[in-house]
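In the working numbering, the protein residues as written are 1 to 114.
Hints are supplied without guarantee of correctness; some may be wrong.
[What the hints assert, rightly or not] Listed next, with one range per pair, are the computed distances between beta-carbon atoms:
(1) Arg80 - Glu7: 14 to 20 angstroms
(2) Glu106 - Lys70: 26 to 32 angstroms
(3) Trp113 - Asn13: 21 to 27 angstroms
(4) Glu14 - Asp82: 27 to 33 angstroms
(5) Lys70 - Phe38: 27 to 33 angstroms
(6) Phe52 - Trp113: 17 to 23 angstroms
(7) Asn30 - Lys10: 28 to 34 angstroms
[What the hints assert, rightly or not] Calculated lysine-lysine pairs in the BS3-like style (CA-CA distance at most 25 angstroms, straight line):
(8) Lys10 - Lys75
(9) Lys50 - Lys6
(10) Lys98 - Lys6
(11) Lys98 - Lys21
(12) Lys40 - Lys72
Calculated from the structure, these hints are not laboratory results.
Using N, Cα and C, we set each Cβ at its ideal position, and we do this for glycine too.
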Amino acid sequence: MAFTDKEVEKIKNEMDSFIEKRRPPENIRNQVDLFFKFDKQSIVIYEIRKRFQRDDMIDIPIAKATYVMKAKKWKIYWQRADLKWHLYKPKQEVTAIKEFIRVVDEDRHGCFWG
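Produce the entire structure from the sequences given, and follow the hints as far as they go.
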């Protein structure tokens, strides 16, 4: 089941605020920036940056939250070097998107931002 329009609006507002807070200075956003996308029941945060010694850009996934309707919880994932999503063991699930944002922002174990 997809998110309702009201849920999408709420999530979008929360995520927009977070992204705006974390974005790099305006003068370098043409080289590196942040954005997020909805992907079915998931929200994925990306860093977009110029490829090394090239002019095109690459999207690098940072974090993912997937809503599990039955449990009414968000599962938190991070992408390891194998380029697969893995549950974020220190905090595998949260009940609200704000909690997901807090976990990613704090990044106590250096899994999201390095």
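Status of the hints after comparison with the structure:
no. : hint                               : verdict
1   : Arg80 - Glu7: 14 to 20 angstroms   : violated, 29 angstroms
2   : Glu106 - Lys70: 26 to 32 angstroms : holds, 28 angstroms
3   : Trp113 - Asn13: 21 to 27 angstroms : holds, 22 angstroms
4   : Glu14 - Asp82: 27 to 33 angstroms  : holds, 30 angstroms
5   : Lys70 - Phe38: 27 to 33 angstroms  : violated, 20 angstroms
6   : Phe52 - Trp113: 17 to 23 angstroms : holds, 19 angstroms
7   : Asn30 - Lys10: 28 to 34 angstroms  : holds, 31 angstroms
8   : Lys10 - Lys75                      : holds, 18 angstroms
9   : Lys50 - Lys6                       : violated, 35 angstroms
10  : Lys98 - Lys6                       : holds, 16 angstroms
11  : Lys98 - Lys21                      : holds, 14 angstroms
12  : Lys40 - Lys72                      : holds, 15 angstroms
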